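A.B. asks: Sequence:
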Amino acid sequence: MPRKVYVVGVGMTKFVKPGTGGDYPDYAKVAVLDALKDASVKYEDIQQAFCGYVFGDSTCGQRVLYQVGMTGIPIFNVNNNCSTGSNALYLCKKLIEGGIIDVGLALGFEKMSPGALGNAVFTDRADPLERHIDKMGEMTKVLPGPLTPQYFGNAGIEHMKKYGTTEVHLAKIAAKNHRHGVKNPRAQSKREYTVEEILNSRKIYGPLTKLECCPTSDGAGAAVLMSEEAVIKYGLQNKAVEIIGMEMATDTPAVFEENSLMKIVGTDMIALAAKRIYEKTGVSPKQVDVVELHDCFATNEMITYEGLQLCGVGEAGKFIDAGDNTYGGQVVVNPSGGLIAKGHPLGATGLAQCAELVWQLRGEAGERQVKDARIALQHNLGLGGAVVLTMYKKGFSNVTPRKLSKL
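Sequence positions in the sequence shown follow UniProt numbering and run 1 to 407.
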């Protein structure tokens with residue numbers, strides 16, 4: 001029987017414009033120390049650590065953690081594109097769940113270059129995304145310049161053609177996230193924008209404007225995880241947030257066999273992971289109170305509502321227009337401001353999402369607190385591809401949980 005796993009401490013730095021917040025060892029250390037303090041444990045209590053980053057040399061995790069302590073523990077360096085932070089969390093959770101360790105640390109950090117995210121770093125070898133690029137090229141023209149807005153812009157165009165969604169829906173998503181981000185002291189963007197301002201901002205690709213795209217960022221996030229036995233040993237029952245489900249999926253053959261620009265950005269693997277997590281946890285999508293969703297672009301948030309079953313297929317526009325994605329609606333999506341307002345230091349994003357949801361479930365989110373939040377869902381996506389979904393519940397085994405219904 002798999003053991004229960006809990007998040008007992010989280011830390012996150014403010015996300016900032018690249019080059020303005022020091023070097024990665026400095027801010028990653030801050031996130032680790034904050035997570036340890038939140039969990040009321042010492043680094044010496046950590047049995048294994050999992051460090052996620054995308055742009056860096058092979059032992060950046062050691063470079064960070066050796067500042068905190070040199071205890072000889074295994075330190076794993078993880079890279080799986082933008083889902084990297086959740087991959088670190090996933091591996092840590094698996095080792096605790098399987099009884100290998102009782103106390104683990106998941107860390108994510110990134111030091112990025114200013115400006116738009118570039119394409120392949122290496123030009124003397126195969127691009128990991130070359131099959132995705134080629135497939136996109138079969139359906140539409142691939143233009144010079146950054147590819148990520150082309151991937152997600154084209155996915156949004158396909159959704160619009162199939163279901164009648166519009167550029168206004170995208171602007172409403174971005175306006176929501178910027179509005180939420182104003183209340184997050186750790187967010188990179190701290191300004192509220194109207195739908196009209198967003199629509200009139202500079203066009204990036206297709207329907208996407210600048211204010212509908214996440215910025216590049218520097219920053220870090222961290223989480224301390226424990227088994228149930230360790231939570232009791234350290235007396236952390238009141239801080240513990242249980243990971244009641246976690247699913248990771250990769251692309252299906254349909255990405256290359258069918259002609260769908262939405263599938264290229266992971267709609268199949270998201271739907272697969274969502275189906276699994278709802279079935280295994282017994283939680284209905286309608287019971288989720290708060291979601292941190294990987295809104296690298298407003299188009300991705302729009303199409304992911306449907307993949308996560310927050311609304312029916314083709315109903316994202318209706319869901320947005322009804323305000324069901326924010327406070328007072330069906331579920332609050334990205335109370336942190338999401339990637340669009342909070343920022344997106346690639347390796348740190350998954351741990352920042354985790355931290356936000358832990359704060360929400362503990363009732364520690366301040367002005368952006370979702371009232372009576374009981375169940376939280378995290379969605380972290382990496383092109384090429386990997387997606388990690390994580391379901392959280394506040395409370396310990398001696399607390400009567402909310403009754404969860406089967407789908």
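These are calculated hints, taken from the structure and not from any lab test.
Fair warning: this is a prediction, and the values are worked out from it, not measured in the lab.
Be a bit skeptical, because a hint or two may be false.
Claimed, not checked - Derived lysine-lysine pairs resembling DSS-like cross-links, with alpha carbons at most 27 Å apart:
1. K94 with K393
2. K14 with K233
3. K17 with K141
4. K318 with K233
5. K190 with K161
6. K162 with K275
7. K190 with K371
8. K14 with K275
9. K318 with K94
10. K37 with K275
A.B. asks: Just to be careful, I want the Cα atoms of K318 and K94 compared with a cutoff of 27 Å; is the pair within it?
C.D. replies: Roughly 38 Å between the alpha carbons, so the hint for K318 and K94 is violated.
A.B. asks: K318 and K233 were given as a pair; does the straight-line alpha-carbon distance stay at or below 27 Å?
C.D. replies: violated, 48 Å
A.B. asks: Keeping to a limit of 27 Å between CA atoms, is the pair of K14 and K275 held or broken?
C.D. replies: Violated, at roughly 34 Å.
A.B. asks: Does the alpha-carbon distance linking K14 and K233 stay inside the 27 Å limit?
C.D. replies: violated, 32 Å
A.B. asks: Given the proposed pairing of K37 with K275, does the C-alpha separation stay at or below 27 Å?
C.D. replies: At roughly 36 Å apart (the allowed maximum being 27 Å), K275 and K37 break the hint.
A.B. asks: Starting from K190, check that the Cα of K371 is at most 27 Å away, please.
C.D. replies: Cα-Cα ~23 Å, so holds.
A.B. asks: Would you check the hint for K17 and K141, treating anything up to 27 Å between C-alpha atoms as holding?
C.D. replies: violated, 31 Å
A.B. asks: Check whether the Cα positions of K94 and K393 lie no farther apart than 27 Å.
C.D. replies: It holds: about 18 Å lies between the C-alpha atoms, which stays within 27 Å.
A.B. asks: Checking one constraint from the list: CA of K190 to CA of K161, max 27 Å. Satisfied?
C.D. replies: Given that 27 Å is the threshold and the Cα spacing comes to 33 Å, the pair is violated.
A.B. asks: Regarding the pair K162 and K275, is the alpha-carbon distance no greater than 27 Å?
C.D. replies: holds, 23 Å
Checked against the numbered hints given earlier, this structure breaks hints 2, 3, 4, 5, 8, 9, 10; the rest are met.
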